[in-house]
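**Student:** Please arrange chain W on chain Y, whose structure you already have, making use of the hints.
From first to last, the protein sequence lines are chains Y and W.
Count the first sequence with our numbering and you get residues 9 to 302, in order.
Count the second sequence with our numbering and you get residues 9 to 455, in order.
A few of these clues could be false.
Stated by the list, open to error - Computed beta-carbon distance windows for the label pairs:
1. W:Glu387 / Y:Tyr37: 55 to 61 Å
2. W:Ala85 / Y:Phe36: 18 to 24 Å
3. W:Ala85 / Y:Pro152: 31 to 37 Å
4. Y:Val32 / W:Thr71: 32 to 38 Å
5. W:Val69 / Y:Tyr37: 50 to 56 Å
6. W:Asp58 / Y:Ala26: 52 to 58 Å
7. Y:Leu33 / W:Ala85: 18 to 24 Å
8. W:Lys325 / Y:Val32: 34 to 40 Å
9. W:Pro378 / Y:Leu33: 58 to 64 Å
Don't read these hints as lab results, they were simulated from the structure.
A virtual CB, placed ideally from N, CA and C, is assigned to each residue, including glycine.
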Amino acid sequence: MERRAYYRNKGLPWLLIAPQLLLVLVFFYWPTSQALYWAFTLEQPWGGGNTWVGWDNFLSIFHDKEYWGTVVRSAFYACCTTALSMFMALTLAVFVDRSLKGTRAFQSVYVWPYAIAAPAAGVAFRFMFAPEAGLIGAINDIWPGIWNPAINGYQALGMIIVCHSWLGIGYNFIFFLAALQMIPRSISEAGAMDGARPVRRMLDLQLPLIAPTVFFLLIINLISSFTDSFGLIDTMTEGGPFGSTEVMVYKIYFDGFKGLDYSGAAAQSIILMLLVVALTFVQFKWVEKRVHYN
Amino acid sequence: MTRNWLLNAAFTVGALALATAPALAAPTKFDFWYGLSGDLSERIQDMCKDFNASQADYEIVCTSQNDYDTNLQNTIAAYRANKQPTISQIFDAGTLDLMLSQAYLPIGQLMTENGYDIDWSNYFSGIASYYSTSKGELLSMPFNSSTAMIYYNTDALTKVGFEGLPTTWSQVEDVARKMKAAGYDCPIGFDPAGAWQWFEQFEAVHNQPIATHGNGFDGLDAEMVVGKGKFVQQLTWLKAMYDEGLLVLKSKDTGEVDQDAFAAGKCQIFSGSIAGHGSVTAKAIPDLHWDVAMLPTLDGVTRTNSLVGGASLWTLKGKTPEEYKGAAAFYNFLATPKQAEWWSTVTGYIPVTNTGFEAMKANGFYDKAPYAGRQRAIESLTATPPTENTRGIRLGNYASIRAEMVKTIQNVLFNNVPVQQALDEFDAKGNDILRRFQATYKDAVLP
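Chain W extracted, bound-state conformation:
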């Protein structure tokens, strides 16, 4: 009797569960790992909450891995153990490592298969080209995009009698010298860890190759050519500025980084990402008057477009079709104009599409005080159509090469190694890294 009753009860519960299952179906969960922390991490968490609230079919789980390097390492480790997230945020320097990994689904294919029609030509060409194959197929979703800028304290500029903002390095040198004479201890704050803005972007803006074969786009056998270009002259200049005390070291090692020193009014000029625009606004001491401008050029040089920096989102292989549907829905959500504008407003990263930018411009976004000046990043990125030297950097293990450049700059500035010798050694080191990468992927064909 009792047994029968129990059995019946069990059946009823089971039947009920089956009947209500579709209605109560838990949303498909999928993982997104990213390499940002602090304030930017909070913004990504907001974004994930908004996405989850906007629909009921998918639930994105967003996890910060602290920084880009760690995120790449953890993603690789997870992929090798078959526990990878569906989406991972990979920084610019890791692009080729991903491209040859065979571990991703191209973004175009993913969106088409899941029924989304995205107009890829709407993306700024300089951004799209960085994450595209040499044939023009976009592989990853452009996400947090930035470019390098230079920040000026306008009060200091006024004090030394400079109208407007300097546009050439010789003007920068001139105002820095006058600032020093006017009693400013730190005219220009400099961090060698910023090889990205001081070296890579300099090369792009001056249409200089970093390596042959169009910075590696046309083959894994590219060779470094930095010691043969205009950067020799620029590094010589940096050394002279450092020795004269116009360029002052501000890094993690000295106790205060360049951006903080600028926001505190101690340094009058520094170069950094447009993504730092929001941070400078937030950290600036009261009555600090400042502005941001495109990177200066050498005298008599026609500017070409600067490189996009930041990171893109890669979709990893080995997940279920439902999870890919979720990922596609998430990318589609990111591409909506409203979302693009929100992201750009709260972070300082630039909008990545033409229409997104035009819409923000039409709204008067760039006229208002805290955001004015950010449009210059777009001007810098779109100064010219991408050339062979400015469409991106397609070099293997580029993060290591970048680290070698940091060492090279330190060697020249602090250790008095002659510039030409230091850059020739840098090219040799870079070639070693490239040859090793080529040997590791000896059967691979560059997509």
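Pulled out of the complex, with its shape left as it was, chain Y reads as follows:
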């Protein structure tokens, strides 16, 4: 006897997944196929026609020194935001999990940043970090000129990284807290009876047990730092000064919409898409096999 469940009616399953399929077709496959086509042509912005150029768009991107600059910058950006955001979220979650005083209040407070839209946060951060008028700018009164993201590319990039991490803490926090609360109390308590201090218990017991969550968040965070940085960068620095906060996704926007180079932008977005697909693939194939689930 066949053991898996199946539908007698062949049409019904298709009908049931139709809404989802339609959404994916309209909002993913259709635009993606359009971008793919543009990536191999030179598309006139006003739609007057296009010419097939084969791999030329990709070749000119790969020969562009500045493009590789944005790739390296994006990778650095992704690593920093992911590490910072996950570390902060894990620390907070561990403390909340220990049921200290006020835990219930903190549980909700820590999630709030996730509910703020990136552009709104960007505008607020912009005021806070403005070298002449902002809150952080006040340190220029003590050491003149020490903080100026308007002329210092490293500070500008650092500023965006901090803001992006802050926005991600809430999301990571929920997952970490849920994972930590799944661990049977008895394991921690047994460790405590054997004389393990909280830090030791976290490193040797809790962290290995929540490893699947850590890997899941790692991939999700990496992907989101490649694709979601646009809102912050556009409101805070617009890629400047001298291009030092220009990451891959911002360059796509700039070349496509401001520079009207639709084909170059399409080719770049195909590359970015492949990168994200690769990361997702790693998550499904490699990570799922090696990480131990209890």
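**Tutor:** Same frame as chain Y, now just chain W:
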């Protein structure tokens, strides 16, 4: 019985509707998208209301798209989806993109076909040439036109003992140094985003080419030549002024832009559009004494005309003849002397025709306190007849090239990249953009 009555009633209503239709005919609606916001957007809305009130046949619907970039993007997206407005306002840097788009009706043709006779020679030649083909046919309607100027705090000038207004950059350097010594923190406010006034207009006033083939007027194969001209010297000077603390960064990123810092009395000199004259008047702190002048030149250089900035109105293809009639009526309305004067008064943009300017001058408009000085923008624009280098910029995707210049200036000032190297790299980047544009329009002929 009842059915008959209903039928009769329906017929009567129908007949009535038909009979009264011509009298009640709704005016033909057409769309106008523009890229200005805030106070200037309010003025455009006033203008649209006035046009709608002035006649009953057409109704213009004016929609702000916030800024020039967004308006261009949205117009393109709408055009590709066949939902374009009849009129769209496109900024100077987008001129060639429009010219090759095949998406517009030339303004001359539109006006002639709809029975309006406009004297195009009445338009200032420097303005007309920017929006004309190399053969001299005007393609779009000059609308909000400006040029770059320099603003001085006259109290600060008096304090350092300077009579009148500086006319050369070496005089500017001299007064800036004295201002610094006299205790002014910010002699000159500077924003690298203003590549238009600090770079493009510098090139025009000094009759320097930005690209070969007359800045691209004679062919899509133009090449950038900025690294070979006088701008090398000027950028070197800007860097020295910045390092000495005479040129102070005032931008959106620092928290206060140059114009605001000037109006607040914090910076004593800044360079910007004549269109900002009204804003400075409105924002100036009490007892701020200031004046506006033509851009300074290098020593021993004869001034040529500066470039027109701002935007023009393009009529897009694919609309009905009635809508084009409406658009033509709107352009005709804009060209009336009364309307031209009103627009120039409330905004600070310059009148675009000789007769408009002469009429305003005769009225004594430029003698009165809040508007005095604005005539210098016209003097700057008409200093000489346009030369090969000053009739305009006809380079593809010029908005990107302008953005590269902003990056280049930032790189030199904040990152200490040597000037010659930075400008050579700028030329190379610019050439890449131009070659790509040329390849995209490989069968197109420059009109």
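**Student:** Take the hints in turn and mark each one as holding or not.
**Tutor:** Hints, one by one, checked against the model:
Restraint check, W:Glu387 to Y:Tyr37: a C-beta distance of roughly 59 Å satisfies the suggested window 55 to 61 Å. The hint said 18 to 24 Å for the Cβ distance between W:Ala85 and Y:Phe36, and at roughly 19 Å that hint holds. At about 46 Å, the beta-carbon gap between W:Ala85 and Y:Pro152 misses the expected band of 31 to 37 Å. Between Y:Val32 and W:Thr71 the CB atoms are about 33 Å apart, so this pair conforms to the stated range of 32 to 38 Å.
Our hint of 50 to 56 Å for W:Val69 and Y:Tyr37 is violated, since their Cβ atoms are close to 36 Å apart. Hint check: W:Asp58 to Y:Ala26, Cβ distance near 53 Å, so the stated range 52 to 58 Å holds. Restraint check, Y:Leu33 to W:Ala85: a C-beta distance of roughly 21 Å satisfies the suggested window 18 to 24 Å. The hinted window of 34 to 40 Å between W:Lys325 and Y:Val32 holds, with their beta carbons roughly 36 Å apart.
Between W:Pro378 and Y:Leu33 the C-beta distance comes to about 60 Å, which sits within the given range of 58 to 64 Å.
When each numbered hint is compared with the structure, violations occur for hints 3 and 5.
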